[in-house]
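There are 2 protein chains.
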Amino acid sequence: MSTAPDSHPTDVRTRILLEATRLFAERGYNGTSIQMISQAAGIKRPTLVYHFGSKDSLREAVLGQLVKHWQAELPRLMAAASDGGPRLDSLMRALFQFFLEDRNRARLVLREMLDAPDSLTVELRRELQPWTQLLVDAMRTAQGQGVIRHDVDIESFLLLIITTSIGVLAIGDRTKALVPPEPGIDDQLMELIRIAKTSLFTPRES
Amino acid sequence: MSTAPDSHPTDVRTRILLEATRLFAERGYNGTSIQMISQAAGIKRPTLVYHFGSKDSLREAVLGQLVKHWQAELPRLMAAASDGGPRLDSLMRALFQFFLEDRNRARLVLREMLDAPDSLTVELRRELQPWTQLLVDAMRTAQGQGVIRHDVDIESFLLLIITTSIGVLAIGDRTKALVPPEPGIDDQLMELIRIAKTSLFTPRES
DNA sequence: CCTACCGATCGGTAGG
DNA sequence: CCTACCGATCGGTAGG
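These protein sequences, in sequence, are chains S and A.
For the first sequence, this note's numbering begins at 1 and goes up steadily by one.
For the second sequence, this note's numbering begins at 1001 and goes up steadily by one.
It should be emphasised that the hints constitute simulated quantities derived from the structure, not laboratory data.
Any given hint might turn out to be false.
[As the list claims (entries may be wrong)] DEER-style ranges, computed between Cβ atoms:
no., chain 1, residue 1, chain 2, residue 2, range
1, S, A94, A, E1101, 33 to 39 angstroms
2, S, Q133, A, Y1050, 54 to 60 angstroms
3, A, G1053, S, D151, 50 to 56 angstroms
4, A, P1075, S, T14, 48 to 54 angstroms
5, S, R174, A, S1057, 17 to 23 angstroms
6, S, K55, A, M1036, 17 to 23 angstroms
7, A, M1078, S, T47, 55 to 61 angstroms
8, S, G146, A, Q1065, 45 to 51 angstroms
9, S, R174, A, R1093, 22 to 28 angstroms
10, S, Q35, A, S1057, 24 to 30 angstroms
[Said to hold, decoys possible] One side only, chain S facing chain A, incomplete, derived with CB under 8 angstroms:
no., residue
11, L110
12, R111
13, A116
14, L124
15, Q133
16, S156
17, A177
18, D187
19, E191
20, L192
21, I195
22, T198
Note that the coordinates shown come from a computational prediction; the quantities given were computed from them, not determined experimentally.
Where is the CB? At the ideal position from N, CA and C, for every residue including glycine.
The whole structure should be built from the sequences, with the hints applied where relevant.
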């Protein structure tokens, strides 16, 4: 009664969310039964249902986790970069780091985008768009100052960087079979950074 | 007996493949029952099984279609561009055109990459890699001639363009919710072309 | 948090 | 190309 009832790191609810994230990412929502998740979490199926109500609610909880992360991270990044304007570097680094930490996160996002549950678009727009709006504004200012090339379509550029980052991290080790020396994820990410910089910034004169 | 028994454009086998492609793309392999496909094709389930043996064989047939297209298209593109070196433009245009014709193709490819059935990597490597190898060689030559920037990682560059093109065409109308004016697919593709050109070619001196 | 149970749907087969 | 049928698994509920 005096100790928090379920604040352990190996909390049941947490364990369910962890395994659900992994399995949804690896096998997809439809390819994963709540039975598999329950077993991975070391409980019986009705216990999972007791905690989350339904498979679909569990899906929303899993997705909510990721959205929540960026809802906290984007403001942090914007603030940290406020001196000297937001830096492409730190943003891309944060993007890479988060999805590299657990590549299943990238796969999950991609799958959700493909399945397009109604909840997703709505939540993205409501929770994340306000922050990316700020980012777009900052970039537009940099463009006005001549730091960013005049021919850049800021909104599309941002979207493309995000799409590509997630794409590479989710399936980069599978697409590489297309091309002979089979460049690794790191090679692809480094080339992505080069491409982004080259096509975003006005070449320095001197 | 004198007329071909099933060469109609509305051939049963063709109709099954068509509906399977659409449904696998929209709902995923695991999210689509052979019952749904049969119904969409206007037949009963055992008839589908009679034609394709199993759900998994149908999956391979659906994927085989797409691989076959590029197996024919890549050599064609390489040959057409042989005078003056392969042109980035025609390649990207062909890529866009094929996947724009039916966006479900892009979604299907992305889903297969995520599901990573063993057959996929093997088939990509065996059927498509020989042709992309030629493309890489041609680009490397252009790089030696100074047409392509010296700092380009050719293999990663190619992979990134393909990943991004498919990504945009598959989920571009969903990711756009992230950014305020919500740029359309066409905006994103045009910006992708700009990014590719800017980051690939050595700036002309003049 | 569990045991026991539910109807519905799954992919596939038998047999014609 | 179909009807009739199969065991297995699905998500979820009753009740404790």
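Distance restraint hint 17 to 23 angstroms, applied to the beta-carbon atoms of K55(S) and M1036(A): Since K55(S) and M1036(A) have Cβ atoms about 19 angstroms apart, the given range 17 to 23 angstroms holds.
Satisfaction of the hinted span 17 to 23 angstroms by the C-beta atoms belonging to R174(S) and S1057(A): holds, 22 angstroms
Consistency of beta-carbon spacing, T14(S) to P1075(A), with hint 48 to 54 angstroms: Holds - the Cβ-Cβ distance for P1075(A) and T14(S), about 53 angstroms, lies within 48 to 54 angstroms.
Chain A contact restraint for L124(S) - C-beta distance below 8 angstroms: holds, 5 angstroms
Per-residue hint verdict: R111(S), partner chain A, C-beta under 8 angstroms: holds, 6 angstroms
Minimum beta-carbon distance criterion (8 angstroms), D187(S) to chain A: Interface hint status for D187(S): holds (5 angstroms vs cutoff 8 angstroms).
Interface hint status, T198(S) versus chain A (Cβ within 8 angstroms): Holds - the Cβ of T198(S) comes within 8 angstroms of chain A, reaching about 4 angstroms at its closest.
Restraint satisfaction for E191(S) [CB to CB of chain A, less than 8 angstroms]: Hint holds; E191(S) Cβ to chain A Cβ min 4 angstroms, cut 8 angstroms.
Interface hint outcome for L110(S) [beta carbon to chain A under 8 angstroms]: L110(S) check passes; min Cβ-Cβ to chain A is 6 angstroms, inside 8 angstroms.
CB-CB spacing for R1093(A) and R174(S) relative to the 22 to 28 angstroms hint: Roughly 25 angstroms apart at Cβ, these two residues keep to the hinted range, so it holds.
Status of the I195(S) interface restraint (C-beta, 8 angstroms, chain A): holds, 4 angstroms
Status of the A177(S) interface restraint (C-beta, 8 angstroms, chain A): A177(S) check passes; min Cβ-Cβ to chain A is 5 angstroms, inside 8 angstroms.
The structure meets every hint from the earlier list without exception.
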